[in-house]
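There are 2 protein chains.
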Amino acid sequence: MAVRVDLNISLDGFATTTDQTPENPFGQDWGRLTAAYVGTRTFRERVLHDTSGEGTTGVDDRYAAAYFEDVAAEIMGAGMFGLHDHADDPDWRGWWGEEPPFHCPVFVLTHIPRESIEFANGTAFHFLDATPEEALASATDAAGGGDVRIGGGPTTIRPFLAAGLVDRLHVAIAPILLGRGIRLWDGLRGLEAGYTVTSETAESGTIHLTFAR
Amino acid sequence: MAVRVDLNISLDGFATTTDQTPENPFGQDWGRLTAAYVGTRTFRERVLHDTSGEGTTGVDDRYAAAYFEDVAAEIMGAGMFGLHDHADDPDWRGWWGEEPPFHCPVFVLTHIPRESIEFANGTAFHFLDATPEEALASATDAAGGGDVRIGGGPTTIRPFLAAGLVDRLHVAIAPILLGRGIRLWDGLRGLEAGYTVTSETAESGTIHLTFAR
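Those sequence lines, one after another, are chains H and P.
Numbering-wise, the first sequence is residues 0 to 212 according to numbering that gives the first Met the number 0.
Numbering-wise, the second sequence is residues 0 to 212 according to numbering that gives the first Met the number 0.
Hints are computed from structural coordinates only; laboratory data are not their basis.
Every value quoted in this text rests on a predicted model; they were computed, and no experiment measured them.
Just so you know, even glycine gets a beta-carbon here, dropped at the ideal spot from N, CA and C.
Just so you know, not all the hints are guaranteed correct.
[What the hints assert, rightly or not] Reference excerpt, derived from the structure (chain H facing chain P, CB under 8 angstroms, subset only):
no., residue
1, P174
2, R179
3, G193
4, T197
[To be verified] Listed next, with one range per pair, are the computed distances between beta-carbon atoms:
no., chain 1, residue 1, chain 2, residue 2, range
5, P, A161, H, A161, 27 to 37 angstroms
6, H, L47, P, T33, 43 to 53 angstroms
7, H, Y194, P, A161, 29 to 39 angstroms
8, H, R45, P, E202, 27 to 37 angstroms
9, P, G30, H, E97, 52 to 62 angstroms
10, H, T20, P, R61, 24 to 34 angstroms
11, P, R179, H, T195, 32 to 42 angstroms
12, H, Y194, P, A1, 35 to 45 angstroms
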């Protein structure tokens, strides 16, 4: 069982874009940040349910396949679930429609918990007002020996990293400069201590960086 | 003839450390930021005049050798020359002693120019109060067909990058998080447009990133 983080960031370290609007909830920059990942065959199969066999099959796809392996519970921030923009909507069920691509229990950190939401595909959202350690205990129980992913955004992930709770951090660095957004690395001086840090460059130009214990 | 930048940065983008003191003018973090470069055989030979043959000979050394190739003039900021800490010392000759590792004309940007300083090994420091374009014109003349390097620090380099004056940017990214210092990438959104961006990882874990026209 491992606690994992997988994120897409830009060369200048932005993991979350900040140009979202209600009409374009992911913002303009998001597509560029995630283009290599979204272009993989694995993403097309697993998230878009595209069985045509199209999509890239190189280094990016190897990481995309690893992304989905062994994750049995996930933790995310209220922002990633969309609660900040839908705080007054008790019927909000997240961005992902009726087929959320998680297929496991997802613990959403929020100061205003609400009723759990369950989907036919195995995804269930539970809402917790909890510290990182408490949330991780709940997710670890739910994972039953599988991995727990801290999904995002960066503001949610940083306290888990700073507290030494993450076993493996994989960051896909897109070869672009966004110049705006929310940075992953703030306040994490010396994080590399206790990890082995490796990296490799994919055909797309994406740099896959891994901190592993 | 090309206009080049070569820099060492951390994963979180810091190119200049800010923990300098008069006793330790490069700061504690500087050694970690430049460890892979300083460890190369080329650096030991070219900068330390160490002819023992020791030092690394892999990917880092290939970039270190390229660092010294074809540069016939350099531009740097007043801070890199040490003027900020020695503004009142008319005899200040830079950090590098009597063997500055440049072996070419160096144009130091400052609002308070002073007399040129020449060294026996071919290094000469000239002091200019000039725009990036003006400084580059002077350096290009002095380079006589060779390359011009914009040496640093990042605050000096950014306007040259933003103005589209740089043909090749090589950044050696150390696999560490400093959490403090001066960032290279600030205000450079979209810089990748017009460049081919490539990267490779050295045996040391350093990621060598290149923006080339």
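A quick look at each hint next to the structure:
1. P174: holds (4 angstroms)
2. R179: holds (7 angstroms)
3. G193: violated (12 angstroms)
4. T197: Hint on T197(H): holds, closest Cβ of chain P at ~7 angstroms, below 8 angstroms.
5. A161(P) x A161(H): 27 to 37 angstroms: About 33 angstroms separates the Cβ atoms of A161(P) and A161(H), which means 27 to 37 angstroms holds.
6. L47(H) x T33(P): 43 to 53 angstroms: holds (45 angstroms)
7. Y194(H) x A161(P): 29 to 39 angstroms: holds (34 angstroms)
8. R45(H) x E202(P): 27 to 37 angstroms: holds (34 angstroms)
9. G30(P) x E97(H): 52 to 62 angstroms: This hint holds: roughly 55 angstroms between Cβ atoms.
10. T20(H) x R61(P): 24 to 34 angstroms: Once the Cβ atoms are compared, 46 angstroms apart, the range 24 to 34 angstroms for R61(P) and T20(H) is violated.
11. R179(P) x T195(H): 32 to 42 angstroms: The hinted range 32 to 42 angstroms is violated for R179(P) and T195(H), with Cβ atoms some 24 angstroms apart.
12. Y194(H) x A1(P): 35 to 45 angstroms: Distance hint for Y194(H), A1(P) holds at roughly 37 angstroms.
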